[in-house]
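Q: Below are the chains, spelled out letter by letter.
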Amino acid sequence: MILAKEMVRHRWASFLGTFAALAVGVAVISGSLALWASAQPRTPKPLAAAEVLIASPSYDPPEGGFPTYRPWSPEEVDELVARAGRAAGVAAAIPDRTFYVQRLVDGRPVGNARDAVHSGRGWASAGLSPYQLLQGSAPDRPGGVVVDAALGVPVGGQLPVLTASGPATWTVTGTIDGPGLYVDDATARSLAGGVTVIGLRLTPGADAERVAEGLGLGALGEPLTGAERSAAEPAQDTRTRWLGAQLIIATVLVGGFVAVFVVASTCAFSAAQRRREIGLLRAIGATPGQVRRLLLAEVLLVALGAGVLGAVGGALLAPLLEGPFVAVGLEPAGFRVGLSWWAMAAALAAGMVVAALGVWMSARRASRVPALDALREAAAEKRPMTLSRWIFGGLGVVAGGGLAALLPGSTAEQKPTIVLGSAMVLLVAAALLAPAVVVPLVRLVTWPFRRGATGMLVREGTTVAARRVASTAAPVLAAVGFAVLLVGTFQTANEAVGIEDTAKIPERAVAAPAAAAPGLTEAAVHAQRGRSELSSVVYLASGEPIRATGSAEVDGLVVAPSLGWRVGESVALRFVDGTVQPVTVAQVSDEVFIDTVVLPRALVRTHDPTALTEVVYLAGPFTPVAGAEELTARAYVERQAAEEGDLINLFLAVLLGISVGYTGLAVANTLLMATYGRRQEFVTLHRTGATTGQTLRVVVVEAMVAVAAGTLLGLAVAVPALFEARAGLAEEIGADVTLVMPWGTLAAVVGVCGGLAVTASALPFLRRGGLPLLRRGGSAAGARTMAG
Amino acid sequence: MTTTLQTRQAVELWSVTRRFGAGEHTVTALNHITVGFAPASFTAVMGPSGSGKSTLLHCAAGLDRVTEGRVLIDGVDLTPLSEKALTRVRRERVGFVFQAFNLVGALTAEQNVELPLRLAGRRAAAGQVRSMLREVGLADRATHRPSELSGGQQQRVAIARALVTEPAVLFADEPTGALDNTASREVLRLLRSAVDRHAQTVVMVTHDPLAAAHADRVLFLADGAIVDELREPRGAEQIASRMAHLETRGLG
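One line per chain: the protein sequences are A and B, in this order. So for the first sequence, this note's numbering puts the first residue at 1176; every next one is plus one. So for the second sequence, this note's numbering puts the first residue at 8; every next one is plus one.
Just chain B, same shape as in the assembly:
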């Protein structure tokens, strides 16, 4: 499978390899992956556990270092950057939504959303944080602390936090993994509308075909390589059958 990278991509991975451990115990989590994520696209990354999908996300987001190859975000090559410079890139060009534990417990929803700006030494423009919270439907919860919010509400605050810096790309790692169906749908709807209304690039790792059905493109990973791709999926069933196919093949 080949991906051409002619146009400027939000995120580019060039022949990325990530190995863990040393000597006999080396595990290759990513094996020479080349892939691009176009601006204003919503990509879901799927694969059986151990396929390397989380590692792909970590490497693409600059949370983890690659063993070989190059990663570019918004045209900036991450590979040669120092930890501090890398942090700055993350702060300015990347937003994160994790499966759980997204918020700083000591801070209110509002303060959590504002945190990336503060860390960058900026102040939020007047009303910026509130309008962000309104967008995720939590304007009335601005002064609540995470312990006073439901799991779905926490995820929505995390999305607001991830979008407030207007990043080049938003990475979501199983954002609905700990949520019930209603809360999941709300979170996915928010991600979708970020792409549609704000031209946000979103890359989401998930194992849930229902979640992946919200994406424009679904990448299937197995054994550290991209083995299949589905553009404009027609629904969860199509994705599920591809997954099943993948898993059978993996077993066989």
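If we strip away everything but chain A, and leave its shape as in the complex, we get:
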């Protein structure tokens, strides 16, 4: 439609906010999707050269989640290797044995704790990787190791490392062009737990699919070829990716939602400003449907431009997030973001949908503008509040508040969802109800200044234009409420958890893993006096994994009641090394964590050479050893919480960043449009003797008053809710909880909103040397140029 194109060209200023909101929204979505596309599981690099991978039998939890792979027993591995080795087209069948090993530099473990758990491999596994031996030779006896040439340790050099048993010093026998530490196969066999993957190298010309089909392994293993091989990814990496995906989903949801929100409010505001023009169109023969389509077409045109910009921008910016994502554990090491065309296309399409959704309501309303409105002077606003605003706003407050009240009692996985849901609902409710509360509040706030000219103008101006003030105050209200409620609730909850967990530890101090270490080695544990537990896993006959802890204090199988086993019953347990052993239940105890078994420490160690200890509760003085450090019980609990908290903080930061950024945009845009739209009013002010400075002051003060009103209202919603959350927490743990008020966050949010509001309202005055508005404002009707 030509009309739509001309409108957009002519009234670009009024589409600026929509454009910015959509560009940012599409950029967020495009970047997130690029991350998502790059974060799909892929064949682990160290196994990438194996054309076929045989995965051990998997177990899919009935309640959903990730499949787990139970290890084969040593006999099963031997049989599979033999059978696969005989199959036509197979050159070699190599079991992949991985174990925990970490390099020590100056006595401290270095690298990524999550990667270290499976960074050690037998030299045979190198045959499954694309890596080449660059220098030296393969390790052929214990104590030899082939390392990544990038480490810079020469052949023959000494490499101090930490394994599950303790510190050791290996000699570098060769270097390769990829990460990992490769040792001789006998050593690998003794350090590694069980095998869950066997890699096949094929003879030249053999077809992977055909080889896989011809193996005939039955239930013993599943051959994987091509992209399916990504299933062999270590379980931690899968979980890490899942967490990353959660953040991406949340980001896309919030980004999309807030973009709809901003586009909707921008469009509603601009439609209200254009009533006369729409009335004229109706008078000269535009049907309601044509008006609706015009508004839709305008916004879609804007969305197309903004979408292309945003999609490309987002895709280009996404790689900047590689580092941060790996650092906080949202993606496994080696994560790279590529350019994805479908991500850009999907983001662009999402932008169009968002725009259409955003403009829908105002387009419908605009289409009902009567033709007679063409004849009315810019009408004073009718009732700022409609019945539907009251009803839906009220429902929103109840629903959002109810959701937020669930927060303290929810599990860690539910929290982000609840937070998101309640924040969105409250955001909408706040926007709906704002006109009703803002005006009385502004009158209250400005009461002391009612005698001055500025004060009087501001007071009367806001009363007449409730919608305008509300449009400014509502986003501020939402941002402030959102920030204070979410950040405050989380910080208060963290505080409470810290108090509670510290109370559970009778010991004063603990020996905890040093930074970058995933756990304590056997040597580190033996050096200390105190109780500790070895973390491992056992598998039931079904393949279901169960947490197993090795404790020096038990001499039989102690199980949690939740498992439903009886004392004296014999249970067949498969250990990490794959061996199956019947164990008799010695005791059922409430003391044991849900779905967990406790076994004698020595038994667990025998079957899981790679197991690590989480912490030693010290009964004596701390003995310094490599990979361990002393912490007070409280500090240890806080560190545990912080690890979880890092992730939550990142979630919060992203969500807050997006919502505050957008509200800032909404505030700025509303004010910018409003100031342009009020040109006539300012001309009158000028003619009655107001200097530009005075007019500017009125506008700026009005903007600040609106921001202040929004802040006060936001606090009025959030602070009681925060106290409510604290009361719930205190009751739960039976101790006083300090309320954490996120002053820093609050200040930042208000600062951003206030700064943007003042800038946006003053900006039209600063252009063209002070009096741009007055030059054209006096000309006759029809001059509705928004661009000034």
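It should be emphasised that the hints constitute simulated quantities derived from the structure, not laboratory data. Keep in mind that a hint or two might mislead.
Pulled a few chain A residues facing chain B out of the computed Cβ check, cut under 8 Å [stated by the list, open to error]:
no.	residue
1	GLU1181
2	MET1182
3	ALA1447
4	GLN1448
5	ARG1457
6	ALA1458
7	ILE1459
8	ALA1461
9	THR1462
10	PRO1463
11	GLN1465
12	ARG1468
13	ALA1546
14	LEU1547
Cβ atoms here follow ideal geometry from the backbone N, Cα and C, with glycine treated the same way.
Fit chain B to the known structure of chain A by using the hints.
A: Relative to chain A, chain B alone:
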């Protein structure tokens, strides 16, 4: 005063009543008005402010709904029509010139003139828009936007826009209200020539006796009813004296 409606009229109002508000605050803007506007006639509607002259125009043009009675344009009864059907009637049979704010700011003069055709899903015939603009003396301003035109020029573009669909009737609401004398005369001359040369029906609401003097017939409204009529007025003075008479009577 009675008006007979024997011949086919361009616009007919049958006992039209328009009330605003409800209950005690009801205001009757039009009180059982029956009037017809013959094809190719130029009628001026006058009256003191609050007399209902604008409401009469809005109701006759299908911009506003009547409370009672019927309105027919070109033989089509507007009263039972849906909003969409009403819009279509306006688009095809009615042209408008308002006092101000007649043009879409984003469009050029040419595009504004073409707009009603486009809204109707038609394309202007080759040269149709240009010849329309030439007729109102603005051929050289076709690509200018409203903000680049004077008030009088804007009104002339509006007249071109109103005439391009060859409507059954052209309604003008104080078309000269915001113009100086020269521009006013030009606008009125254009309306007059539309009647004389193209047999256009024109109904104009005005408070200016000078403007009303261009009409074939002047209707005087007071308190929602037609209280006087002047056919073939002999000049502004005659109209002004009738108006003055009307206002005195109203005060008394």
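Q: All the hints need checking, so say for each whether the structure fits it.
A: To see whether the hints hold, each was checked on the structure:
{"no.": "1", "hint": "GLU1181", "in the structure": "holds, 4 Å"}
{"no.": "2", "hint": "MET1182", "in the structure": "holds, 5 Å"}
{"no.": "3", "hint": "ALA1447", "in the structure": "violated, 16 Å"}
{"no.": "4", "hint": "GLN1448", "in the structure": "violated, 12 Å"}
{"no.": "5", "hint": "ARG1457", "in the structure": "holds, 7 Å"}
{"no.": "6", "hint": "ALA1458", "in the structure": "holds, 5 Å"}
{"no.": "7", "hint": "ILE1459", "in the structure": "holds, 5 Å"}
{"no.": "8", "hint": "ALA1461", "in the structure": "holds, 5 Å"}
{"no.": "9", "hint": "THR1462", "in the structure": "holds, 5 Å"}
{"no.": "10", "hint": "PRO1463", "in the structure": "holds, 6 Å"}
{"no.": "11", "hint": "GLN1465", "in the structure": "holds, 6 Å"}
{"no.": "12", "hint": "ARG1468", "in the structure": "violated, 11 Å"}
{"no.": "13", "hint": "ALA1546", "in the structure": "holds, 5 Å"}
{"no.": "14", "hint": "LEU1547", "in the structure": "holds, 5 Å"}
Violated hints, listed in ascending order, are 3, 4, 12; each of the other numbered hints is respected by the structure.
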